[in-house]
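Here are the chains, one letter per residue:
Protein chains: 2
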Amino acid sequence: MIATEVKDIRKVENGHVTMPKGFSAGGLHCGIRRKRLDFGWIHSDNPATTAGVYTLNAFQAAPLKITKECINKGQLIQTVVVNSGNANSFTGKQGLLDALEMQELTAKKMGVALEHVAVASTGVIGVSLPMDKIRTGIEEMGNPEHAGVENFEEAILTTDTVTKHVAVQLEIDEKIITIGGAAKGSGMIHPNMATMLGFITTDAAVEPDSLQHALRTVVDKSFNMITVDGDSSTNDMVLLMANGQQENMPLNEAHPKWSLFLQALQMVSEGLSKSIARDGEGATKLIEANVKGAPSELAAKQVAKAIISSNLVKTAVYGADPNWGRIITAIGYSEQPIDPDKICVSLGDIEVVKDGCPVVFDESDGKRYLEKDTVLLNVDLQNGLGEATAWGCDLTYDYVKINASYRT
Amino acid sequence: MIATEVKDIRKVENGHVTMPKGFSAGGLHCGIRRKRLDFGWIHSDNPATTAGVYTLNAFQAAPLKITKECINKGQLIQTVVVNSGNANSFTGKQGLLDALEMQELTAKKMGVALEHVAVASTGVIGVSLPMDKIRTGIEEMGNPEHAGVENFEEAILTTDTVTKHVAVQLEIDEKIITIGGAAKGSGMIHPNMATMLGFITTDAAVEPDSLQHALRTVVDKSFNMITVDGDSSTNDMVLLMANGQQENMPLNEAHPKWSLFLQALQMVSEGLSKSIARDGEGATKLIEANVKGAPSELAAKQVAKAIISSNLVKTAVYGADPNWGRIITAIGYSEQPIDPDKICVSLGDIEVVKDGCPVVFDESDGKRYLEKDTVLLNVDLQNGLGEATAWGCDLTYDYVKINASYRT
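Line by line, the protein sequences are chains A and B. Just so we're on the same page, our numbering is the position in the first sequence counted from 1, plus 70. Just so we're on the same page, our numbering is the position in the second sequence counted from 1, plus 70.
Treat the hints as calculated values from the structure; they're not laboratory data. Just to be clear, a hint being listed does not mean it is correct.
Distance condition first, Cα-Cα at most 25 Å in a straight line; then the derived DSS-like pairs of lysine-lysine [unchecked claim]: (1) Lys-138(A) with Lys-471(B); (2) Lys-81(B) with Lys-245(B); (3) Lys-91(B) with Lys-77(B); (4) Lys-77(B) with Lys-424(A); (5) Lys-135(B) with Lys-412(A); (6) Lys-471(B) with Lys-442(A); (7) Lys-178(A) with Lys-163(A); (8) Lys-138(B) with Lys-179(B); (9) Lys-291(B) with Lys-327(B); (10) Lys-135(A) with Lys-424(B); (11) Lys-412(B) with Lys-135(A); (12) Lys-471(A) with Lys-471(B); (13) Lys-138(B) with Lys-412(A); (14) Lys-412(A) with Lys-437(B); (15) Lys-143(B) with Lys-163(B); (16) Lys-471(B) with Lys-437(A); (17) Lys-81(A) with Lys-245(A); (18) Lys-442(A) with Lys-81(A); (19) Lys-105(A) with Lys-163(A); (20) Lys-471(A) with Lys-163(B); (21) Lys-412(B) with Lys-163(A); (22) Lys-163(B) with Lys-135(B); (23) Lys-163(B) with Lys-178(B); (24) Lys-471(A) with Lys-442(B); (25) Lys-471(A) with Lys-442(A).
Bear in mind that the values here come from a model prediction, so they are computed numbers and not experimental data.
If we strip away everything but chain A, and leave its shape as in the complex, we get:
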């Protein structure tokens, strides 16, 4: 139940990643995927202070290694180039060479410094990047017909069914600051980064360390709190670029509006995360697990994730079956300290367990509630002050269908 409306922060209708001043984007079809756009970029008029967070998977894909190294070195990125259809993951030395060439050619084409180019890939693992197609894509980057943020948003998708975008505005030091974002899901989505790419931009100036800290903070409460299928991929990455075009004094933790900036960033990050969860492979519903009364925030997170990750909860929600025993079971195996006699559970406003005892409720009310397209599962452990929210989706026939034949 994290607030999505905050005073002094305005959500922009149809906001997107190039809404902050000085950012542009584009996308095109270079031929990796059969028909859909598969090559895109975001560009800032000037090198932007950039923060990144990356998958914890032991196998990190080549583009991710390259990007991480650049950001760790100078924390400045001007162009982000992305392809879909091929993850360039588990592709050995050739994979690294390919990612480097993709970076180099993009730098030349866009006239930016090599180390100011970030590369990202998403798609099938273990197949070398078709560099002829990537080269064609890069050659076409200047062509005005490919410009436009919608093209970018489409080019990064894999099994996603919709593009994901959001933007908010707030005032800092009499400047209107905009934060925008784009992301893709939708399989291999699990806490600790998933086959998921997130790109967030802002025209605020922010000090590098503060920016990295801010990104880590909001990612832990948004991207790291969604799951579609429990699988964390090798390519996940969220980048946050701050190009300072509003010419404000660079923000840091000491600024009186820092927490407002963080809240705005959380809104963007959370908005993208929820879009990814709702568009999970085969999903028909967004599930939000709200846990409070946990001994710690970490415990609350673990419980919320256990609920949202349970295949049995996910199928019950799909079938609109108010079988709360499955929620209880998931809480029980979350390996957190739980007092069975204190726990309260409700499906939206429908109380089903109170102080550890089943509550008699109208099954048809429960069923009707679970038929909604957003379902809240609320848990109060009455055992502390820790709170957390996690997002996921239902598990459906279509999830199986999509994944039993992803490549064919």
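Given chain A, put chain B in place with the hints provided.
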């Protein structure tokens, strides 16, 4: 690739839980489920030394608490009584009273001591046990028409499609010792005990502490290494009863044949576990993940479990798609120390990754292999001596179908 054939241990064709001397069993329909048998028992002619392992879920069901207390006290059980269709879990004080009454009435009916009766339940969570039906079941226990191990095996099933039974024989001190077992799956199956009940019997005499130790050892390499859906239930329990009817000197760790006895027990335990995995909800295949070359046995277990638990691996196997990138991804997020440049993966005998590099293989061979009804995923981390095997099943449309409307 744990051995299933061991010299000096004979697997008995169609062996079962009452094959050891002095055990009998039965089952009947008492009315909890619509039509199928739902009430069963195993009985030993004399109180048997008994060991138990139980779910780690924070919410333990009432029957499990009662049984655990009895076994912890005297480690003697003569009758096990089980119902399906209702888990008597999360049913508060009434649940405990109901489980106690079930125990008490069974003791009277069978003429055994109260503390020598174990109770077990499996089915829906959060609904009180229909005691009128349980009482009817207990009254009918003496009726010869309900006798028979097949009736017992059927009575404990929920969404299982087949009964699970196995038995082996070995010679110890010139006595033929038999070990038999019965079990049920098939949803909420995950390492650390699942909605899973296992009953193992033997006519060997075994010292109580050694028996408990033996059960723990084999369960960690069998029942705790299977997963269907990652959900560990509130009711899981495996009991091992040794009634000593072969009148051997009680076995313990010092006996020269102890390790042979352990191997025989492992065969029974593993046989039941594999039957459960193969009969996982909606499953069409048994998947076996063999991991070697891990820094420790624990690391190997974690990697094997990560593979077998991955929805993406499970759907790929269902679709016979040799998309090994998903196996690599699962290994990568297992949180174990992995050297990406050393890893080897094969699908059965088909090598797909060697020393960290993709191997060119014939996709149609891979597809044909994955179409088999038992699929081996073999991983060598080349990073130590730890080995482990885990078992699971594919994720199919039918899993979703079964679980989207379990109760309706």
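Hints, verified against the model:
1. Lys-138(A) with Lys-471(B): 43 Å, violated
2. Lys-81(B) with Lys-245(B): 16 Å, holds
3. Lys-91(B) with Lys-77(B): 23 Å, holds
4. Lys-77(B) with Lys-424(A): 56 Å, violated
5. Lys-135(B) with Lys-412(A): Holds, because 19 Å separates the two Cα atoms, which is no more than 25 Å.
6. Lys-471(B) with Lys-442(A): Given pair Lys-471(B), Lys-442(A) holds - Cα atoms ~19 Å apart, limit 25 Å.
7. Lys-178(A) with Lys-163(A): 23 Å, holds
8. Lys-138(B) with Lys-179(B): 22 Å, holds
9. Lys-291(B) with Lys-327(B): Answer holds: Lys-291(B) to Lys-327(B) is near 20 Å, not above 25 Å.
10. Lys-135(A) with Lys-424(B): 22 Å, holds
11. Lys-412(B) with Lys-135(A): 19 Å, holds
12. Lys-471(A) with Lys-471(B): Given that 25 Å is the threshold and the Cα spacing comes to 13 Å, the pair holds.
13. Lys-138(B) with Lys-412(A): 23 Å, holds
14. Lys-412(A) with Lys-437(B): Answer violated: Lys-412(A) to Lys-437(B) is near 51 Å, above 25 Å.
15. Lys-143(B) with Lys-163(B): 22 Å, holds
16. Lys-471(B) with Lys-437(A): Holds: Lys-471(B) and Lys-437(A) sit about 17 Å apart, inside 25 Å.
17. Lys-81(A) with Lys-245(A): 16 Å, holds
18. Lys-442(A) with Lys-81(A): Holds, at about 24 Å.
19. Lys-105(A) with Lys-163(A): Roughly 29 Å between the alpha carbons, so the hint for Lys-105(A) and Lys-163(A) is violated.
20. Lys-471(A) with Lys-163(B): 44 Å, violated
21. Lys-412(B) with Lys-163(A): Given that 25 Å is the threshold and the Cα spacing comes to 14 Å, the pair holds.
22. Lys-163(B) with Lys-135(B): Given pair Lys-163(B), Lys-135(B) holds - Cα atoms ~12 Å apart, limit 25 Å.
23. Lys-163(B) with Lys-178(B): Roughly 23 Å between the alpha carbons, so the hint for Lys-163(B) and Lys-178(B) holds.
24. Lys-471(A) with Lys-442(B): 19 Å, holds
25. Lys-471(A) with Lys-442(A): It holds: about 23 Å lies between the C-alpha atoms, which stays within 25 Å.
In summary, the structure is inconsistent with hints 1, 4, 14, 19, 20 from the numbered list given earlier, while agreeing with the others.
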